[in-house]
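As they're listed, the protein sequences go chains U and D.
Each residue of the first sequence is one higher than the one before, counting from 1 in my numbering.
Each residue of the second sequence is one higher than the one before, counting from 1 in my numbering.
Honestly, I wouldn't trust all of these hints.
What the hints assert, rightly or not - Not everything, but these chain U residues come out facing chain D in the computed CB check (under 10 angstroms):
1. Tyr-12
2. Asp-16
3. Cys-18
4. Ile-91
5. Leu-93
6. Ser-150
7. Ile-152
8. Val-154
9. Asp-155
10. Asp-159
11. Leu-162
12. Asn-175
13. Ile-179
14. Val-183
What the hints assert, rightly or not - Not the full set, but computed from the structure, chain D residues with beta-carbon under 7 angstroms of chain U:
15. Gln-14
16. Ile-16
17. Ile-18
18. Gln-20
19. Lys-87
20. Thr-93
21. Lys-94
22. Gln-96
23. Asn-101
24. Lys-111
25. Asn-117
26. Ile-119
27. Lys-120
28. Val-122
29. Leu-123
30. Arg-125
Hints listed in this document are in silico derivations from the structure and should not be mistaken for laboratory results.
Ideal Cβ positions, reconstructed from N, Cα and C, are used throughout, including at glycine.
Listed below are the residues making up each chain.
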Amino acid sequence: MFNIYNIEEKNYVNGDGCRYVLWLQGCSLGCSGCWNKDSWSNKPNILKSVDDIFDQIETLKDKLDGVTFTGGEPFEQSDKLSILAKKIKKIGLNIHIFTGFELDELILEEHQELLKYTDTLVYGRFDTDKENNNQKVKYFTKENWKFNNSDIQVDIDSDGNLNLTGYPSDEFIKNMEEINARV
Amino acid sequence: MSRIINIKGDILIQNIQIAQDTLDELDLDIKIENNHFIFNQYDAWDMINSKDKESEIKKVEELYQEKFSIYLEQLEQEEQIRIAKEKEAIRETKYQQIVQNAKKQGYKVKKEKREDNSIKLVLQRRF
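Just chain D, with the same shape it has in the complex (with noise of 0.2 angstroms):
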């Protein structure tokens, strides 16, 4: 007796490049169609065990999350950065701005203090 064994993953690839990564990795003869983790094939000899072939998908989804999940947080922590370091660029340009104006208006800086990624001045009217 022949067959053909078609097993489909559940989960939906969003990342093709961290599948194939994962696929190279466990080196499996599973392949990727239509974002989904895929094991087809014909079995001539009746040789090919179903649930193993379903165990095998389980562990490459499972190996694939791990590293998407990761891919997600790095995206994230990107992202942290990027903002923070725009806040830092609008507090900074915020901060010459307002020193040049008080300064063009009779004030010097009395005090200034950083902290918590904020800044105090304490401008003094020169008299």
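Bound-form chain U, shown alone (with noise of 0.2 angstroms):
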């Protein structure tokens, strides 16, 4: 089973176009910038098998560009990472992953294994005191995306509650937090 932070079904700031991202729970690297501290820890919080997780994404295969991975730290749960990613290139959506790990840290076999399905790596431990916050981009297949670590997606559900994505300021993070209090 998947351990899962999070999931977006439809999501615009995680990679190319239109994806699904999955947020896995768990990651060793701490790094100091990390704004997902709680997807830090291993204790088990949505858990998920492979299929369950394929049959969603094929669900919305047609509204999707691809599928991102991300955490946590998606190189830590890479066994059945690369056995869901196998199965999501069959159905024809390009993967992207964001990991902490530098490319010569992903020497495993179950690394390369995941590597190979891989269409976009945005990789490096993450460090706000670097440019581009030490986040580094490796394209696999075709170079179709401009990494940016700036956009912000908010929804806003049927009932009104607000979820934020991407790279938000404080600042932003605090408005929101007003505009939710207010209204």
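Take each chain as given, in its own frame, and dock them per the hints.
In structure tokens, the structure reads:
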């Protein structure tokens, strides 16, 4: 079973176009600037099988451009992710992965297996003191997406609840909290 | 021999207007008393069949319950519409305020998608 932090079925700020985004739960890297610290713990959160996730993606595939694995640390669940990735590629969707590992750290056989199905990899320890937050991009297939770490997606659901993904500044988050409290 | 025939229905009337409409429609000698349908008449000549009156009250009650159910469904629909409108107003207010704040902070709206009563906004920072 995957241990999952969050799932967004249609997200536009985690890769190329409209994407199914899977945030894995659990990360041992502990990057200092990480804003998903809740996703570090390996304690079971949302548990789903490869088939559970794949079935959901397959249902949505006509509306998607691809699937993104992020986290948490995707490569810490790479054995199951590579099985999922292989299935996703078979239905014609591309795969982006956001990892905190450096390229030369992805040496395990299971890492290499997952990389076989990866189109775009954003990699490197997240570090706000470095240029581009130390996030680098490797294109394994065609270079069809320009990495942008400033876009924000705001989802307002039918009940008016707000969900924020992407790269919001502290000021933006504060304003969102104020709007939520006011309305 | 003379007697008073007094028959009281089983159901508790929750809407007097609907109960009265039901009685007007069926035009029977049945009244409303203490939120129940009743038949209460002096039977001077022993002409009234109690069983017939019990059946009539049952018929009144069935029609009343049918009308009352329709009334409750309408109320529920109206409530759902009211809630949906209220939620729509909340969504739109939040949407306006988010866009306004985003623009102040140097973002433009790159994409806006509305489906299934939800709004997705993709904001891009202007450099």
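Hint-by-hint comparison with the structure:
no., hint, in the structure
1, Tyr-12, "holds, 5 angstroms"
2, Asp-16, "violated, 13 angstroms"
3, Cys-18, "holds, 9 angstroms"
4, Ile-91, "violated, 22 angstroms"
5, Leu-93, "violated, 19 angstroms"
6, Ser-150, "holds, 4 angstroms"
7, Ile-152, "holds, 5 angstroms"
8, Val-154, "holds, 5 angstroms"
9, Asp-155, "holds, 5 angstroms"
10, Asp-159, "holds, 6 angstroms"
11, Leu-162, "holds, 7 angstroms"
12, Asn-175, "holds, 5 angstroms"
13, Ile-179, "holds, 5 angstroms"
14, Val-183, "holds, 5 angstroms"
15, Gln-14, "violated, 31 angstroms"
16, Ile-16, "violated, 37 angstroms"
17, Ile-18, "violated, 34 angstroms"
18, Gln-20, "violated, 40 angstroms"
19, Lys-87, "holds, 6 angstroms"
20, Thr-93, "holds, 5 angstroms"
21, Lys-94, "holds, 5 angstroms"
22, Gln-96, "violated, 10 angstroms"
23, Asn-101, "holds, 5 angstroms"
24, Lys-111, "holds, 6 angstroms"
25, Asn-117, "holds, 4 angstroms"
26, Ile-119, "holds, 4 angstroms"
27, Lys-120, "holds, 5 angstroms"
28, Val-122, "holds, 5 angstroms"
29, Leu-123, "holds, 5 angstroms"
30, Arg-125, "holds, 4 angstroms"
Checked against the numbered hints above, the structure violates hints 2, 4, 5, 15, 16, 17, 18, 22; every other hint is satisfied.
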